[in-house]
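Protein chains: 2
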Amino acid sequence: ERKPRFSFPSISSFLREKGQYDSIKLIHSIKVGISLVLVSLLYLLKPLYDQVGENAMWAIMTVVVVFEFFVGATLSKGVNRGIGTVIGGGFGLATAVIAEDAGEMGNAIGVAIAVFVCGTAATYVRLLPSIKKTCDYGVMIFLLTFNLVAVSGIRGETVVQLARARLSTIGIGFGVCVFTSLCIHPMWASDELHNSVASRFEALACSIDGCLGEYFKLVEEKENQTGGVNFSGCQSVLYSTDKDDMLAKFARWEPWHGKFGFSHPWEKYLDIGKELREAAATIFSLKGCLQSPRQPSSTLRQSMREQCEELGSSLASSLRELGDSIKTMRKCRPRFLIVSKLQSKSEELNLLMSPSKLGALKNDDGLAIASFVFQLMDIVG
Amino acid sequence: ERKPRFSFPSISSFLREKGQYDSIKLIHSIKVGISLVLVSLLYLLKPLYDQVGENAMWAIMTVVVVFEFFVGATLSKGVNRGIGTVIGGGFGLATAVIAEDAGEMGNAIGVAIAVFVCGTAATYVRLLPSIKKTCDYGVMIFLLTFNLVAVSGIRGETVVQLARARLSTIGIGFGVCVFTSLCIHPMWASDELHNSVASRFEALACSIDGCLGEYFKLVEEKENQTGGVNFSGCQSVLYSTDKDDMLAKFARWEPWHGKFGFSHPWEKYLDIGKELREAAATIFSLKGCLQSPRQPSSTLRQSMREQCEELGSSLASSLRELGDSIKTMRKCRPRFLIVSKLQSKSEELNLLMSPSKLGALKNDDGLAIASFVFQLMDIVG
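If you're matching them up, the sequences are chains G and L in order. The numbering used here applies: residue 1 is where the first sequence begins, and numbers increase by one. The numbering used here applies: residue 1 is where the second sequence begins, and numbers increase by one.
Just so you know, these hints were derived from the structure itself, not from any lab. Hints may be right or wrong, so weigh each one.
A pair holds if it fits inside one copy or across any two, identical chains being indistinguishable in the list.
[To be verified] For lysine to any residue, the following SDA-like pairs were computed, each having C-alpha atoms within a straight-line distance of at most 20 angstroms:
#1 Lys-46 to Glu-321
#2 Lys-133 to Ser-29
#3 Lys-268 to Ala-102
#4 Lys-217 to Gln-302
#5 Lys-133 to Arg-252
Produce the entire structure from the sequences given, and follow the hints as far as they go.
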C-alpha cells in the first residue's frame with residue numbers, strides 16, 4: 001500500500017504542475033504582447049509620435065529587453081537599466097567635453113583611450129562574482145551608453161535634449177512593463193521560492209517512502225521485479241542551488257505583497273535549501289544500498305522491516321509536517337516533540353540492529369538521515 | 001602522513017587557480033577594451049564615419065552585447081544576433097508592407113495586431129526549455145527587430161538600404177569580436193569543460209582521503225580536536241550541473257582546436273559529470289558518519305583501520321588515475337585491473353567486518369562508494 005501513495009500523486013501532480021506552468025507561460029507571453037502594443041502606440045498614434053519621434057524606439061527596446069518572467073526580475077533589470085544609462089551618459093558626456101578641446105587628432109586619441117580604459121574596467125567589474133550577481137546588467141548598460149555618448153560627438157544642448165528624450169522613453173517603456181507586470185496576474189519570484197522550498201520537503205519524504213518500499217518489496221516479490229525507485233525528486237532538490245539563488249535575488253526586489261513583508265528573511269530560504277540538499281545527498285546515497293549486489297538475507301531483512309518502516313514513515317511525516325509549516329507559515333509542533341519521536345524510533349531500530357550483521361547496511365543510512373533531519377529541525381524549529 | 005597530502009596541495013592549487021583566473025579575467029577585459037576601440041574607430045576616423053554614419057552605433061552595441069568570456073559563447077551569441085536580425089527584419093517588413101494598403105487607421109490596427117501576436121508567440125517560444133537553452137537570445141533579437149521595423153513606418157528602398165547598413169555594421173562588430181576573441185589568448189569553453197571534469201576526480205579523491213583521515217584521527221587524538229573535513233571540493237562537484245550544461249553548449253560552438261576534433265563527444269562529459277555527482281553525493285553522506293553522535297569504540301575502529309585505509313587509498317588512486325587519463329586523453333589501464341584491485345580490497349574489509357557490529361557504520365559506506373566507482377569505470381573504461 002506504500003507504492004501507489006508514492007508514485008500516483010507524483011505523476012498527477014507533475015501533470016498538474018506542467019499544465020499550470022504552461023498556462024502561466026501563456027499569461028506571461030500575453031502580458032509581453034500587451035506591453036509591446038502599448039509602447040508601439042508611441043509610433044502608431046500620430047499625436048504621440050509627434051511628441052517623442054524616433055526615440056520611441058528606446059521604449060520598444062526597453063520592453064523587449066527588460067520584461068522578465070518574475071516581477072522582481074523586471075524591477076531589478078529596469079532599475080539597473082535606468083541607473084546604468086544615467087551614469088554611463090554622464091561619464092560619456094564628461095569624456096566628450098574634456099576631449100573636445102584637444103583638436104581633431106587629440107580628440108580621437110583621448111576618446112579612444114577613455115573607451116579602452118572604461119571598457120576594460122567595466123568588463124573586469126562585471127566578472128567579479130558580487131557584481132555579476134547583483135548588477136551585471138546595469139554595468140553592461142553603463143558601458144553601452146558611455147560608448148555611444150563618448151564617441152558620437154554630440155555636444156552641449158543637443159546631448160541634454162537627447163538624453164532627456166531617451167530617458168523619458170526608457171521610463172515610459174519601464175512604466176508599461178511595471179504596470180503590466182504588477183497589474184495583470186503578477187508572477188512573484190517570492191511565491192515561487194516559498195513554494196518550491198516547501199514542496200521539496202514533500203519530495204524528500206516521497207523519496208524516503210519510495211526507498212523503503214523498494215527495499216522491502218525485493219523481499220516480497222522475491223527479486224523478480226527490480227523497477228528502480230524514482231529519485232528524480234531527490235535529484236531536483238540536489239541541483240537546486242542556482243535556481244534558489246536567482247529566485248532569492250529577485251524576491252528581494254519585490255514589494256510587499258500577500259503574506260510576505262518587506263523584510264522577509266529570504267536568506268533563511270537559502271539556508272533551508274542548503275540543509276535540504278545535504279539531506280537529499282544522504283537519501284540519494286541509499287541508492288547505493290538498493291543497487292548493491294550484496295543484499296542481506298530475506299529473513300534478516302524481514303526481521304527489521306517493521307522498525308525500519310516506522311522510522312522511515314515518521315521521518316517522512318516529520319518532513320511533511322515541516323514542509324507544511326513552511327508552506328502555511330504556521331509554527332509547527334515544538335521541536336522536541338518531533339525529535340523525540342524520531343529518536344525513540346531510531347533507538348528501537350538500534351536495539352534490534354545490534355545482533356544483525358549485514359542488515360546494518362540499511363539502518364545506518366537511516367540513522368544518517370535521522371541525524372540530518374535533526375539538523376534541519378535546528379534551523380526550522 | 002595523509003593529512004598534508006590532502007590539505008597542502010589543495011590550498012596552493014587554490015591560490016594558483018585564483019591567481020590564474022584573475023589574470024584570465026584581466027586578459028578578457030583588455031580584449032573587450034581593444035574591440036571597443038576598434039569599433040569606435042568607425043566613429044572617430046572621418047573617412048570611416050563618412051562610409052557608415054550613425055549606423056556605427058550598431059557595431060558598438062554588438063560588441064558590448066555579444067562579446068562573452070568564452071569563444072563558443074561569443075560565436076553563438078553573434079550568430080543568434082545575426083539570424084534574429086535578418087528574420088525579424090524580414091517579418092517586420094512584410095507586416096509593414098501588408099498593413100500599408102489599409103489606410104492610416106487600418107494600418108495602425110493591423111500593425112498593433114501583428115505586434116501583439118508576434119510578441120506573444122515569441123515570448124512563449126522563449127520560455128520553452130529547448131529554445132531557452134539554444135537560441136533564447138536569437139528569438140529576443142528577432143522580436144526586437146520585428147517590432148522596430150514593423151512599427152517605424154520606413155518603407156521600400158529606404159528600408160532595404162537601412163537594413164544593409166545596419167547588418168553590415170553588426171557584421172563589422174561581430175567580426176571584430178571574433179577576431180579579438182580568437183586571436184588574442186582565446187578562452188575555450190571546451191578546455192574549461194575538459195579540465196573541470198578531469199579535476200573533479202582529484203577533488204573526490206581528496207575528499208575520500210580527508211574523510212578517512214578525519215575518521216581515524218578521532219581515535220588518535222582522543223577526540224580532543226574535531227576540525228571538520230573540507231567537503232567544499234565534494235560540494236562543488238555536487239553543484240556543477242548548470243555550469244557543465246552551459247560549457248557543453250558553448251563547446252559545441254567552438255571550432256577545431258588543440259586536442260579537440262570537430263565531433264568531440266561533449267555529451268560524454270555530461271554523462272561523466274552526472275556519475276561524478278552521484279559519487280559525490282555518496283561521499284558527502286559520509287559526513288553524517290563523521291558527525292554522528294554514535295561513534296564506534298576506539299579498539300573496534302583501530303582493528304579495521306588498515307583495511308579501510310587501504311580501500312580508501314586504492315579508491316582515491318583509481319579516481320586519480322581515471323582523472324589523469326581523461327586529462328591527458330590517454331587510455332587508462334584496462335578496467336578489470338582497477339576493478340579487481342578494488343574488489344579484493346573490499347573483500348578483505350568484508351571478511352574483517354563480519355564480526356564487527358557498529359563498525360559496519362563506516363565500511364558499508366565505503367562499499368557504497370566502491371559500487372559507485374564501479375559504475376564510473378563502466379563509463380570511462
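We went through each hint and held it up to the structure:
For a Cα distance limit of 20 angstroms, the shortest separation of Lys-46 from Glu-321 qualifies neither inside one copy, at 61 angstroms, nor across copies, at 72 angstroms. When the C-alpha separation of Lys-133 and Ser-29 is checked against a cutoff of 20 angstroms, the pair qualifies only between copies, where the shortest distance is 18 angstroms, while the shortest distance within a copy is 26 angstroms. In the homo-oligomer, the alpha carbons of Lys-268 and Ala-102 never lie at most 20 angstroms apart, since the shortest distance is 56 angstroms inside one protomer and 58 angstroms across protomers. In this assembly of identical chains, Lys-217 and Gln-302 lie within 20 angstroms of each other by CA distance solely inside one copy; the values are 10 angstroms within and 37 angstroms between copies.
Taking the shortest alpha-carbon separations for Lys-133 and Arg-252, only the intra-copy value of 13 angstroms comes in at or below 20 angstroms, while the best inter-copy value is 26 angstroms.
In summary, the structure is inconsistent with hints 1, 3 from the numbered list given earlier, while agreeing with the others.
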